[in-house]
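Asks: The task is simple: from the sequences and hints, build the whole structure.
Residue numbers (this note's numbering), protein chains in the order written: chain A, 1 to 96; chain B, 1 to 311.
These are calculated hints, taken from the structure and not from any lab test.
Any given hint could turn out to be false.
[Claimed, not checked] Computed footprint of chain A on chain B; a stretch qualifies when at least three of its residues, placed anywhere within it, have a C-beta under 8 Å from a C-beta of chain A:
(1) 5-16
(2) 39-51
(3) 73-82
[Unchecked claim] Pairwise CB distance ranges, derived in the manner of DEER restraints:
(4) A:PRO20 - B:ASP24: 27 to 33 Å
(5) B:TRP173 - A:THR44: 41 to 47 Å
(6) A:VAL57 - B:PRO223: 25 to 31 Å
(7) B:ALA214 - A:PRO11: 21 to 27 Å
(8) A:VAL17 - B:GLY232: 26 to 32 Å
(9) B:GLU242 - A:VAL57: 22 to 28 Å
(10) B:HIS41 - A:PRO11: 34 to 40 Å
(11) A:PRO20 - B:GLU84: 18 to 24 Å
(12) B:ILE240 - A:GLY22: 23 to 29 Å
What you are looking at is a predicted structure, and each value in this text was computed from that prediction instead of being measured.
Virtual Cβ for every residue (Gly too), placed ideally from N, Cα, C.
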Amino acid sequence: MGDVKVLLRNPSRELEVVGPTGVLNLLRQLGLRREAVLVIVDGTLVTSDVTIPDAAVVEIRPVISGGAGADAGREGSAGDGPRGTAGRAGGSEVQR
Amino acid sequence: MKCRACRAPAVVDVRRHNAGFCRDCFVEHCRSQVRRAIADHRMIGEGERVLVAVSGGKDSLALWDLLLDLGYAADGLYVGLGIEGYSEPSREFARGFAGSKGAELVEVDLPGVFGYDVRRGALADHRVPCSACGLSKRHIFDRAALEAGYDVVATGHNLDDEAAVLLGNVLRWDLAYMARQRPVLPGGDGFPRKVKPLVRLAERETAAYCILRAIDYQVEECPMAVGNRHLGYKEALGAIEELSPGVKAAFYTGFVDKVLPLLAGKTPGKGTTLRPCKSCGAPTTSERCAFCRLVERAGGNPRQRIPVSAR
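Replies: Structure representation (structure tokens):
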């Protein structure tokens with residue numbers, strides 16, 4: 001058995017786990033939801049039923065982002081939603 | 001796992017479809033979802049010019065690639081937000097994609113053109129950064145599209161984004177905001193039409209699409225967005241989806257199909273009178289629009305022209 005090098009993002013860090021190991025098993029060890037990441041083994045995207053071989057380099061790429069929709073609907077007192085009325089002091093704003 | 005369509009080895013699994021896909025069939029799956037969203041909601045007409053809101057992230061670059069691939073005349077607009085350590089690499093990803101496709105990318109730099117950045121705008125206008133960012137980008141996309149004669153603005157909001165926004169609005173039963181959460185916002189009254197062609201794709205799919213199409217994108221999270229409420233809603237929905245794959249799509253599409261028709265007439269601001277902003281001419285209910293107020297409070301100049309040429 002050999003080590004599998006695992007690269008994680010947000011924040012970027014690196015760790016080693018004992019291989020071979022299954023993708024789902026690895027994600028469980030790391031406490032990650034399978035729908036929140038993609039797993040790339042030696043540069044190739046893989047499905048969750050794959051076994052990761054010894055000495056592989058694995059990138060766990062997060063897919064959840066907070067930017068695009070963060071202000072897309074309302075977000076309450078945060079201010080003027082797109083095409084919505086503002087809920088903040090200083091006058092309302094309508095954006096269509 | 002085998003590809004559902006061709007039985008070749010799969011490289012992506014999509015649990016809500018209980019399916020795996022090989023590279024080519026997955027790319028075709030993404031195209032077909034975007035084609036269907038555009039057709040179902042009449043987002044883009046034949047021959048119309050599209051301005052894509054490009055951030056350098058996976059969603060906007062996947063969207064731009066898909067629209068170009070489907071034959072649309074789609075240019076990109078990148079807004080530089082002045083976020084240290086984040087905006088510059090994001091811009092490079094946008095430029096890299098445009099260069100690789102020979103596509104037109106317009107760039108508007110908030111500090112360079114308007115004299116403020118998102119952090120300063122948020123502080124000066126007493127907003128959270130995501131609000132200052134959203135307000136700035138919406139204003140600039142709207143103005144740029146209208147001034148340069150684009151028919152429609154396309155944004156990269158995906159299924160996860162829309163489901164998370166919907167959850168936030170449902171938790172407060174905010175009917176006015178729910179009423180405007182549509183895949184298409186019609187143009188008129190000084191606003192361009194806005195469309196969300198990725199609403200049938202989850203963000204895991206847009207990320208996989210970029211990887212399989214060799215599109216380099218900004219993987220790092222925006223430092224301003226970390227810990228925001230929107231991410232919390234996504235986490236909550238993700239936990240439910242883990243137990244019941246497909247529930248997120250059912251939540252959003254059920255809303256669009258069954259609830260939105262019942263909310264007609266509840267759009268926020270209905271009945272209010274719009275007039276041109278005294279500074280920039282954008283439609284507003286006040287003397288000056290929210291963007292101009294924010295820029296002036298942040299010490300910038302909102303009257304600057306957006307450097308996009310009319311065609």
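Asks: A separate judgement is required for each hint: does it hold in the structure or not?
Replies: For each hint, the structure was consulted:
Beta-carbon proximity to chain A at under 8 Å applies to 5 residues in the segment 5-16 of chain B; the threshold of 3 is reached and the given coverage holds. Coverage of a stretch by a chain is defined here by at least three residues with a beta carbon nearer than 8 Å to that chain's beta carbons; for the segment 39-51 of chain B and chain A the count is 0, and the condition is violated. Counting residues of the segment 73-82 of chain B whose CB falls under 8 Å from any CB of chain A gives 0; the rule of at least 3 is not met. For PRO20 (chain A) and ASP24 (chain B), the Cβ-Cβ distance of about 28 Å falls inside the hinted range of 27 to 33 Å, so the restraint holds.
As the Cβ distance of TRP173 (chain B) to THR44 (chain A) is approximately 46 Å, the hint placing it in 41 to 47 Å holds. A hinted range of 25 to 31 Å holds for the C-beta pair VAL57 (chain A) and PRO223 (chain B), which are about 27 Å apart. Distance hint check: the CB atoms of ALA214 (chain B) and PRO11 (chain A) are about 25 Å apart, consistent with the given range 21 to 27 Å. Take VAL17 (chain A) and GLY232 (chain B): their Cβ atoms lie about 29 Å apart, and the range 26 to 32 Å holds.
For the pair GLU242 (chain B) and VAL57 (chain A), the supplied restraint of 22 to 28 Å holds, since their beta-carbon distance comes to about 27 Å. Our hint of 34 to 40 Å for HIS41 (chain B) and PRO11 (chain A) holds, since their Cβ atoms are close to 38 Å apart. A beta carbon spacing of about 42 Å between PRO20 (chain A) and GLU84 (chain B) contradicts the range 18 to 24 Å that was offered as a hint. Checking the proposed 23 to 29 Å range against ILE240 (chain B) and GLY22 (chain A) shows it holds: the Cβ atoms sit about 24 Å from each other.
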